[in-house]
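All chains, full assembly: derive it from the sequences and hints.
Protein sequences, first through last, are from chains C and A.
The numbers in numbering that gives the first Met the number 0 rise by one with no breaks, and the one at position 129 of the first sequence is 128.
The numbers in numbering that gives the first Met the number 0 rise by one with no breaks, and the one at position 5 of the second sequence is 4.
Treat the hints with care, as some may be off.
[Unchecked claim] Listed next, the stretches of chain C that the computed footprint assigns to chain A, with coverage defined by at least 3 CB atoms under 8 Å from CB atoms of chain A:
1. 255-262
2. 444-451
3. 605-617
[Claimed, not checked] List of simulated lysine-lysine pairs, DSBU-like, C-alpha gap at most 35 Å:
4. C/Lys154 x C/Lys740
5. A/Lys116 x C/Lys154
6. C/Lys372 x C/Lys28
7. C/Lys73 x C/Lys621
8. A/Lys77 x C/Lys337
9. C/Lys154 x C/Lys209
10. A/Lys116 x C/Lys435
11. A/Lys40 x C/Lys273
12. C/Lys73 x C/Lys506
13. A/Lys40 x C/Lys740
14. A/Lys40 x C/Lys347
15. A/Lys77 x C/Lys347
16. A/Lys221 x C/Lys337
17. C/Lys273 x A/Lys37
18. C/Lys347 x A/Lys37
19. C/Lys347 x A/Lys116
20. A/Lys35 x C/Lys273
21. C/Lys424 x A/Lys35
22. C/Lys337 x A/Lys35
Hints in this document: simulated from the structure, not taken from any laboratory.
Backbone N, C-alpha and C define an ideal beta-carbon position, used for all residues, glycine too.
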Amino acid sequence: MSRTPLDTVEHAAATPDVELPWAELGLKKDEYERVVEILGRRPTGAELAMYSVMWSEHCSYKSSKVHLRQFGEKAPESDAMLVGIGENAGVVDVGQGYAVTFKVESHNHPSYVEPYQGAATGVGGIVRDIIAMGARPVAVVDPLRFGAADHPDTKRVLPGVVAGIGGYGNCLGLPNIGGEVVFDACYQGNPLVNAGAIGVMRHEDIHLAKASGAGNKVILYGARTGGDGIGGASILASETFDDAKPSKRPAVQVGDPFQEKLLIECTLEAFQEKLVVGIQDLGAAGLSCATSELASNGSGGMRVTLDDVPLRDSTLSPEEILMSESQERMCAVVEPDKVDRFLEICDKWDVIATVIGEVTDGDRLEIFWHGEKIVDVDPRTVAHEGPTYERPYARPDWQDALQADDANKLPRPETSEELKDQVLKLVASPNQASKKWITQQYDHFVQGNTVLAQPEDSGMIRVDEETGLGVAIATDGNGRYAKLDPYTGAQLALAEAYRNVATTGAKPLAVSDCLNFGSPEDPAVMWQFAEAVRGLADGCQQLGTPVTGGNVSLYNQTGEAAIHPTPVVAVLGVIDDVARRTPVAFQEEGQLLYLLGDTREEFGGSAWSQVIHDHLGGLPPKVDLERERLLAEILISASRDGMIDSAHDLSDGGLVQAVVESALLGGKGARLVVPDGLDAFTFLFSESAGRAVVAVPRSEEVRFNDMCGARGLPATRIGVVDGTSVEVQGEFELSLEELRKAHEDTIPALLS
Amino acid sequence: MTARIGVVTFPGSLDDRDTQRAIRVAGAEPVALWHKDKDLKQVDAVVLCGGFSYGDYLRAGAIARFSPVMDTVIDQAKAGLPVLGICNGFQILTEAHLLPGGMLGNDHLHFICRDQKLRVENASTAWTSDYTAGQEISIPLKNMDGRYVADQRTLDELEAEGRVAFRYLDFNPNGSLNDIAGITNAEGNVVGLMPHPEHAVEPLIGTGRTDGLPFFTSILKKLVNA
Chain C
0 MSRTPLDTVE HAAATPDVEL PWAELGLKKD EYERVVEILG RRPTGAELAM YSVMWSEHCS
60 YKSSKVHLRQ FGEKAPESDA MLVGIGENAG VVDVGQGYAV TFKVESHNHP SYVEPYQGAA
120 TGVGGIVRDI IAMGARPVAV VDPLRFGAAD HPDTKRVLPG VVAGIGGYGN CLGLPNIGGE
180 VVFDACYQGN PLVNAGAIGV MRHEDIHLAK ASGAGNKVIL YGARTGGDGI GGASILASET
240 FDDAKPSKRP AVQVGDPFQE KLLIECTLEA FQEKLVVGIQ DLGAAGLSCA TSELASNGSG
300 GMRVTLDDVP LRDSTLSPEE ILMSESQERM CAVVEPDKVD RFLEICDKWD VIATVIGEVT
360 DGDRLEIFWH GEKIVDVDPR TVAHEGPTYE RPYARPDWQD ALQADDANKL PRPETSEELK
420 DQVLKLVASP NQASKKWITQ QYDHFVQGNT VLAQPEDSGM IRVDEETGLG VAIATDGNGR
480 YAKLDPYTGA QLALAEAYRN VATTGAKPLA VSDCLNFGSP EDPAVMWQFA EAVRGLADGC
540 QQLGTPVTGG NVSLYNQTGE AAIHPTPVVA VLGVIDDVAR RTPVAFQEEG QLLYLLGDTR
600 EEFGGSAWSQ VIHDHLGGLP PKVDLERERL LAEILISASR DGMIDSAHDL SDGGLVQAVV
660 ESALLGGKGA RLVVPDGLDA FTFLFSESAG RAVVAVPRSE EVRFNDMCGA RGLPATRIGV
720 VDGTSVEVQG EFELSLEELR KAHEDTIPAL LS
Chain A
0 MTARIGVVTF PGSLDDRDTQ RAIRVAGAEP VALWHKDKDL KQVDAVVLCG GFSYGDYLRA
60 GAIARFSPVM DTVIDQAKAG LPVLGICNGF QILTEAHLLP GGMLGNDHLH FICRDQKLRV
120 ENASTAWTSD YTAGQEISIP LKNMDGRYVA DQRTLDELEA EGRVAFRYLD FNPNGSLNDI
180 AGITNAEGNV VGLMPHPEHA VEPLIGTGRT DGLPFFTSIL KKLVNA
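Here is the structure:
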């Protein structure tokens, strides 16, 4: 884009035949024609810049929104929901006057191109979403997926991503309390870096992204605007990678966590003094997004003087300023008589703040440059009325063959010795191994409210020091299950996150999701997406946990090879008193181990089939959401009434993985007996859903059993916490020392 | 009557509110101090808390040391005001030459966050009198630049004078010389350490232990009994 002559609105109207680089900016021909139709003339360069980023897949959800509507249509009745889908993040009532906002977003593409900055700015972006709702961020979580653990590129991507998350989050003072790390060759070249954050506020402090009240000032504050991240949303996040194209590295933004920390404190202080009418963070699509969204959500129009935007690089063109994704910037709408105080607070925190425009009576978003009008649009057409695609979708023809390739028929261990070897292999496999090498690079303790952090089943944060009110969050998503059956896979992700929250004693309240898929232009991928969304929406309806918001990341594929469909689901829960939380670690010798739920021969997509046979086929475990709900109720009651001292959900790796983790964390072993009706192999490795293993003090056994019996939840006594080994009677015994070595040495050996 | 203990907030301070809570839990009164303000509001002691002051972009603690509030802290510390520096606060104290030596990047080049075992070597400073010498405690450690270094003469002096206040046990998390986790000045009023006692003052929270609380009860007793 050239700077001369200035492409004003007037100039555009007078020169209808000028060709604009719409294709280079990622627009399709019919989309460009639609812009011309909306405006009744060709767009100016600046207008084209705005439409191109705002109508990108990343910002407009044009391929996904016909499906995402189900989250609203099927939303269960919930008193907890204060702000739903469509805002920066959903807000949930957690009682005692507190509200919690949480969201998960993807930063996948940038993190592959430039792992450190890609991941760091992912944390920065999600945290600004949380602040923009009026909340103080209190924790972050990071669900991550990488290529094969032993692939050389994983050694480039993973350490950079982890250092970036740590480098940014640690410097912001946000405890990192959860998330997952999963390796699978399908993510080679398309790692998933999802970032979640939670914020806490009082009900009356909820803020929304809207510009109302003619005459109110629009203030841009935070970092100066530079040339970084131009086209990040439209070019980077909305296309597949292609070796033949030039490097997209300049499209990745660079983060400054120190600036963001100042932005948090300064914004919260402005909120506290009630100086803010509306607020929006600048993330994807930068100023284009913030101005058009603020204006279209408000009652009036907006006039912006682009010359007033503080620049890092004075040579930037107006189009570049509008598209820049420079980090650590926010946009606030402030009443005129409060502007001085707002600027004072920014000055106190050494944050640059500039009035760049005002809310107007009309319904137009007008942007000026050197005194000339370069944008004159209806903001709704930019922010909300982007294209909607009914992409064709079709169940892939390989799906039947994949499901017919039954994992239950794989050869099983024939001797106790073989069984023991497979247990060791499993707990040492990259996906099941301890992720301490990774999580110890994150601060868990800052803010002094962390009750539980990874590797616990869910992260838990105290919200109120007096009453002990707390919130818990878990994220889960198993791409292998979803590949076998995307509908069930999405529900299994939901079920697992729901269960993980309940296992720690918290009541699941609401859901956020990050839906990571391949190219929507591939009907097979679109089918996976449609099925996963349908599964998740149905599941949320049944469990009574509404989806409060989320994020879709498409085009996670290189060439023809798409990632496994990977819906990552975050469930938020509340606990009345964090003193009643239940940890994973075994607490006391002599306590009785109970397996809750039914164990079936379910090995499709299992860790066992992957580790031992490098196999993916068959059907994923069955989902029974009513059972999940019952299990959750039992776990919460048992936790509240002191009937269990530790609990661990069963998921990938099955029972043996859970018991080994509880044993290693507690430094106490377990003696297990294979229950009647099960063989040792199924008992140890099955991945049937709706299960947990709990440790019951002997004094509580009768009461606990009575409760499970009365409610109809199968509870099977499977052993006792004891000794310094994990022993399966009649089969094998593995010392904690041996297990610890297997479990903890894998990741450092691969990565350091 | 209780003691008033100031906690300085620099831009980029992270543990200021946690430190205030720890002071409150111990029974003292926390007082917020601001980096641009030379006035210490007549507090009886000061804590420089953890974080990344000014982003630690030049060198950990190097810019904070020149902030207005530090002029007063340095003067008063020399006159006997009890000052505790935790993590970034320790780094600021060495940059301000209130404590000898300095901190380099961890030898393994990663940020590290863990429950760290320490031995209390000196239980006679203003901030450690509620411990007993030789006591073993566990408190959280979390830093990027935690490798304590000093020239041999300084190390010899610290060791000879019993001014190594805390030593890492079982595992040296950052390559610190002599396993040094924290030191004191000769007078015992200025103490700095890398681990975070303010994160270990309540059961349930963090590691679930309260091994860090004696820092705050030590100073409270000293001030109230003074």
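Check whether the Cα positions of A/Lys40 and C/Lys273 lie no farther apart than 35 Å. Holds: A/Lys40 and C/Lys273 sit about 28 Å apart, inside 35 Å.
Counting residues of the region 444-451 of chain C with a beta carbon closer than 8 Å to any beta carbon of chain A, are there 3 or more? holds (count 7)
Check the hint pairing A/Lys221 with C/Lys337 against an upper bound of 35 Å on the C-alpha distance. 46 Å, violated
Would the hint linking A/Lys77 and C/Lys337 be met if the CA-CA limit is 35 Å? 44 Å, violated
Against the 35 Å threshold, does the CA-CA distance of A/Lys116 and C/Lys435 hold or violate the hint? Given that 35 Å is the threshold and the Cα spacing comes to 17 Å, the pair holds.
Pair hint C/Lys424 and A/Lys35, alpha-carbon separation not exceeding 35 Å: 57 Å, violated
Starting from C/Lys154, check that the Cα of C/Lys740 is at most 35 Å away, please. With a Cα-Cα distance of about 22 Å, the restraint between C/Lys154 and C/Lys740 holds, given a limit of 35 Å.
Quickly compare the C-alpha distance for C/Lys73 and C/Lys621 to 35 Å and report which way the hint goes. 22 Å, holds
For C/Lys347 and A/Lys116, compute the direct alpha-carbon distance and say whether it is at most 35 Å. 39 Å, violated
Distance restraint between C/Lys347 and A/Lys37, which requires alpha-carbon spacing of 35 Å or less: It holds: about 15 Å lies between the C-alpha atoms, which stays within 35 Å.
Check whether the Cα positions of C/Lys273 and A/Lys37 lie no farther apart than 35 Å. 29 Å, holds
Are A/Lys77 and C/Lys347 close enough, with their CA atoms no more than 35 Å apart? Holds, because 29 Å separates the two Cα atoms, which is no more than 35 Å.
In terms of the numbered hints stated before, the structure departs from hints 3, 8, 9, 13, 16, 19 and 21, listed from lowest to highest.
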